[in-house]
Amino acid sequence: MKNKIFSSFDEAVADIFDGAIIAFSTFGTASQAINLWEALYNKDVKDLTIMGNMVMPIRAEGPIPIYGPSHCVLQPGKVKKVITGFTSMVYTSRGEANTDEFSVAIQDIEVVPTTFGNICTKLEAAASGYGGILTPVGIGTFLEEQNEKFVVNGKEYLLEKPVVPDFGFVKAWKADRLGNLIYRRGQRLHNPLVARASKVTIAEVLEIVEPGEIDPDHVHTPHLYVDRIVKIPKGGKGSAEWDEVMKVQSFGPGGSRRRMMEAMSGRGS
Amino acid sequence: MDEREKLVKRYNESKLDMDTIAMRVAKEFKDGDIVNLGRGIPGLVGNYVPQGVDIHWHGENGILGYGTAYTLDEWEEMDMCVHNSSIQQVRELPGMAMFDFGEAFGMLRGGHIDAGVLGGFQVSEKGDFANWAFEYPVPNWGIGIGGAFELTIGPKRCIVAITHLDKYGNSKIVKELTMPLTGAPQQVDLIVTDLAVIEVKGEKGKKEGLVLRETAPGWTADEVKLLTGVAMETAADFKEYQL
Numbered sequence: 000m001k002n003k004i005f006s007s008f009d010e011a012v013a014d015i016f017d018g019a020i021i022a023f024s025t026f027g028t029a030s031q032a033i034n035l036w037e038a039l040y041n042k043d044v045k046d047l048t049i050m051g052n053m054v055m056p057i058r059a060e061g062p063i064p065i066y067g068p069s070h071c072v073l074q075p076g077k078v079k080k081v082i083t084g085f086t087s088m089v090y091t092s093r094g095e096a097n098t099d100e101f102s103v104a105i106q107d108i109e110v111v112p113t114t115f116g117n118i119c120t121k122l123e124a125a126a127s128g129y130g131g132i133l134t135p136v137g138i139g140t141f142l143e144e145q146n147e148k149f150v151v152n153g154k155e156y157l158l159e160k161p162v163v164p165d166f167g168f169v170k171a172w173k174a175d176r177l178g179n180l181i182y183r184r185g186q187r188l189h190n191p192l193v194a195r196a197s198k199v200t201i202a203e204v205l206e207i208v209e210p211g212e213i214d215p216d217h218v219h220t221p222h223l224y225v226d227r228i229v230k231i232p233k234g235g236k237g238s239a240e241w242d243e244v245m246k247v248q249s250f251g252p253g254g255s256r257r258r259m260m261e262a263m264s265g266r267g268s
Numbered sequence: 106m107d108e109r110e111k112l113v114k115r116y117n118e119s120k121l122d123m124d125t126i127a128m129r130v131a132k133e134f135k136d137g138d139i140v141n142l143g144r145g146i147p148g149l150v151g152n153y154v155p156q157g158v159d160i161h162w163h164g165e166n167g168i169l170g171y172g173t174a175y176t177l178d179e180w181e182e183m184d185m186c187v188h189n190s191s192i193q194q195v196r197e198l199p200g201m202a203m204f205d206f207g208e209a210f211g212m213l214r215g216g217h218i219d220a221g222v223l224g225g226f227q228v229s230e231k232g233d234f235a236n237w238a239f240e241y242p243v244p245n246w247g248i249g250i251g252g253a254f255e256l257t258i259g260p261k262r263c264i265v266a267i268t269h270l271d272k273y274g275n276s277k278i279v280k281e282l283t284m285p286l287t288g289a290p291q292q293v294d295l296i297v298t299d300l301a302v303i304e305v306k307g308e309k310g311k312k313e314g315l316v317l318r319e320t321a322p323g324w325t326a327d328e329v330k331l332l333t334g335v336a337m338e339t340a341a342d343f344k345e346y347q348l
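Residue numbers (my numbering), protein chains in the order written: chain C, 0 to 268; chain R, 106 to 348.
Keep in mind that a hint or two might mislead.
Unchecked claim - Some, not all, of what chain C presents toward chain R, calculated at C-beta under 7 Å: (1) D107; (2) V110; (3) F115; (4) T140; (5) P191; (6) V244.
Read the hints as simulated data drawn from the structure, not as lab findings.
For clarity, every value in this text was computed on a predicted model and none was experimentally measured.
Even for Gly, the Cβ is constructed at its ideal location relative to N, Cα and C.
With the hints as constraints, model all of the structure from the sequences given.
Take a look at the structure:
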């Protein structure tokens with residue numbers, strides 16, 4: 000059996016080259032391969048194109064810093080282009096637009112505003128070998144300027160072209176040694192599409208089992224899409240135990256999201 | 106202080122809260138409806154299913170049929186992997202389904218969703234809607250286009266849930282948008298605010314003209330019209346905000 004299991008996150012991202020295109024999943028952190036992002040954060044590489052839902056420049060802070068695309072864009076020269084649907088949270092923790100610190104870091108990065116649905120479309124086209132997909136999204140808006148228009152059966156569509164990622168960062172719950180993947184709840188998100196579309200798919204997983212232990216009917220991502228697997232250590236970032244720690248830090252007494260929710264509902268803290 | 110300024114002052118002192126807007130939106134649905142809830146006020150709608158009906162909330166993050174959000178007092182029961190599209194941790198209901206993001210958007214674009222509820226900045230009298238462009242000094246770094254385009258054009262019915270006035274006292278319901286359009290022209294069917302329920306007349310893509318259906322307790326149709334500043338007819342069955 001071909002060995003797809005890598006012993007470290009650093010090793011799994013070692014061959015990411017200057018100018019590579021990286022696809023990822025994020026919507027909160029449940030689906031985000033935060034360990035692979037940390038390895039990328041620590042790697043010396045430049046001019047990357049990154050594609051995914053949200054890239055919201057922020058400094059890694061707190062007792063257990065979490066890394067992601069939002070942190071890598073603040074590293075000088077690391078990212079050249081972002082294809083994303085959401086950049087607007089360029090705010091300080093006090094809710095003011097942060098114009099001084101971040102604007103210098105990000106001013107040379109090209110942004111391609113892309114709806115969440117169209118990011119999926121680009122990945123779907125790449126995954127299935129389509130030259131593009133006609134979508135009804137963006138007719139009558141600024142998106143007409145960046146995409147070609149077609150009329151089919153009297154209805155207007157815009158052509159969304161594929162973007163083939165060189166590397167895809169995936170998070171999953173369980174993998175077998177062949178690379179079959181299962182996601183748990185909100186871990187799924189973009190991950191199946193990222194796995195299908197990317198030339199090299201790297202998956203960080205909570206658990207690795209033997210082939211046969213995952214029921215064939217329950218496989219979400221068949222193994223042929225998965226090239227590398229790294230196991231998240233017990234208690235490590237992104238593990239089930241870590242989720243519980245994060246829960247306390249976010250929602251427990253004095254937690255960050257608790258304070259935010261209290262402020263929003265006027266309960267004060 | 107002119108008449109409108111007095112009304113703005115009264116609005117700021119006595120407007121309904123966001124949960125009440127959410128509760129009013131929830132009254133729009135019927136048994137079996139599949140309803141997508143966006144970020145902001147719409148995220149609260151899922152907490153107010155009217156009694157005796159079964160409504161299946163759809164989140165663009167790949168979830169169908171979730172329950173109410175956990176309150177802060179219940180935080181220990183939360184599952185960090187189960188949230189709605191506002192990233193609020195929610196309860197699992199029997200029959201809940203999870204799927205990937207691409208499929209969630211296929212459900213929207215393919216017309217499988219009965220209604221969508223969005224928050225936003227402006228709605229015009231033609232049902233044009235703006236909710237994604239933020240002011241930011243670095244070009245293109247002030248976007249929040251997100252899934253709003255698909256959420257606006259996909260579902261059979263588009264409901265916008267917003268506060269009636271912005272923090273400067275300007276009406277969010279306008280004659281013409283001054284901010285970039287979301288989704289496609291003339292898509293909004295209903296506007297629910299903390300002052301009123303307003304219908305946008307006509308078919309999707311050909312929307313034109315507003316009808317004032319309800320106003321919040323203590324507000325007359327004329328007062329709401331003066332605050333809004335956009336021509337509006339009053340519905341034949343005009344009534345007080347129904348909860």
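Cross-check of the supplied hints:
no. : hint : result
1   : D107 : violated (10 Å)
2   : V110 : holds (4 Å)
3   : F115 : holds (4 Å)
4   : T140 : holds (5 Å)
5   : P191 : holds (5 Å)
6   : V244 : violated (10 Å)
Hints 1, 6, counting from the list given before, are not met by this structure.
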